[in-house]
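Colleague: With chain A fixed as given, assemble chain B onto it according to the hints.
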Amino acid sequence: GENVEQHPSTLSVQEGDSAVIKCTYSDSASNYFPWYKQELGKRPQLIIDIRSNVGEKKDQRIAVTLNKTAKHFSLHITETQPEDSAVYFCAATAGDNDMRFGAGTRLTVKP
Amino acid sequence: GAGVSQSPSNKVTEKGKDVELRCDPISGHTALYWYRQRLGQGLEFLIYFQGNSAPDKSGLPSDRFSAERTGESVSTLTIQRTQQEDSAVYLCASSYILGNSPLHFGNGTRLTVT
Chain A
64 GENVEQHPST LSVQEGDSAV IKCTYSDSAS NYFPWYKQEL GKRPQLIIDI RSNVGEKKDQ
124 RIAVTLNKTA KHFSLHITET QPEDSAVYFC AATAGDNDMR FGAGTRLTVK P
Chain B
203 GAGVSQSPSN KVTEKGKDVE LRCDPISGHT ALYWYRQRLG QGLEFLIYFQ GNSAPDKSGL
263 PSDRFSAERT GESVSTLTIQ RTQQEDSAVY LCASSYILGN SPLHFGNGTR LTVT
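Protein chains in written order, with our numbering: chain A, 64 to 174; chain B, 203 to 316.
Here chain A stands alone, though its shape is the one from the complex:
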């Protein structure tokens, strides 16, 4: 099955700086890559996703890049704010089976 690795496990940045979280996946058939944000005590919520026919996608301060050849994808958050503090999970799926998640990155944005 799919194996997703995520780095770093923790990330601390100053407000206004950028944050980058990286993930790699093992199944070359994977074609859908969502990112979820989980605030303390709450459910994971989708923040952005990308499909394999696209190399980059941006939504305001959040962007995701995908390198299919290298089998890795990254989340970029610019101009970070304290409310961006949360745990972020990447995921990958080949579309005909389950969705596997990375271990998560705890992002702390210091005011």
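Quick caveat, the hints were computed from the structure, so don't treat them as lab data.
Keep in mind that the hints are not guaranteed to be accurate.
[Stated by the list, open to error] The following label-pair restraints were derived from C-beta to C-beta distances:
no.: 1; chain 1: B; residue 1: 209; chain 2: A; residue 2: 133; range: 38 to 44 Å
no.: 2; chain 1: B; residue 1: 210; chain 2: A; residue 2: 75; range: 35 to 41 Å
no.: 3; chain 1: B; residue 1: 214; chain 2: A; residue 2: 77; range: 37 to 43 Å
no.: 4; chain 1: B; residue 1: 266; chain 2: A; residue 2: 102; range: 30 to 36 Å
Values in this document were obtained by computation on a predicted structure and should not be read as measured data.
Ideal placement from N, C-alpha and C gives every residue a C-beta, glycine not left out.
Modeller: Below, chain B without anything else, positioned relative to chain A:
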């Protein structure tokens, strides 16, 4: 519209008892997933359903765990003879189609085994 609903939201049970967790997915969502999240940890995949069928049960931690889905709707996750290591939040999610669409999570059931 209504999101994914899970019940109960909290469950405290004694070691050795059986528990049943329920998930009501978003209407029309054909795929349904169960994950386990221990405190401060990631999302551990348990099982998924495509319609009422669970093609891969290898993610279930032991034979004490079972799950079913009926009517391409409600799903139940049953844990028999609960152990303290079963204590966790059990999250259910549904998606419009398997794989290539976003998962919508419920609020989870927090299970505490004493």
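Colleague: Now tell me, hint by hint, if it's right for this structure.
Modeller: Quick rundown of the hints versus the structure:
About 43 Å separates the C-beta atoms of residue 209 (chain B) and residue 133 (chain A), a value consistent with the hinted range of 38 to 44 Å. The beta-carbon spacing between residue 210 (chain B) and residue 75 (chain A), approximately 36 Å, falls within the hinted interval of 35 to 41 Å. For residue 214 (chain B) and residue 77 (chain A), the Cβ-Cβ distance of about 41 Å falls inside the hinted range of 37 to 43 Å, so the restraint holds. Restraint check, residue 266 (chain B) to residue 102 (chain A): a C-beta distance of roughly 31 Å satisfies the suggested window 30 to 36 Å.
Of the numbered hints given earlier, the model fails none.
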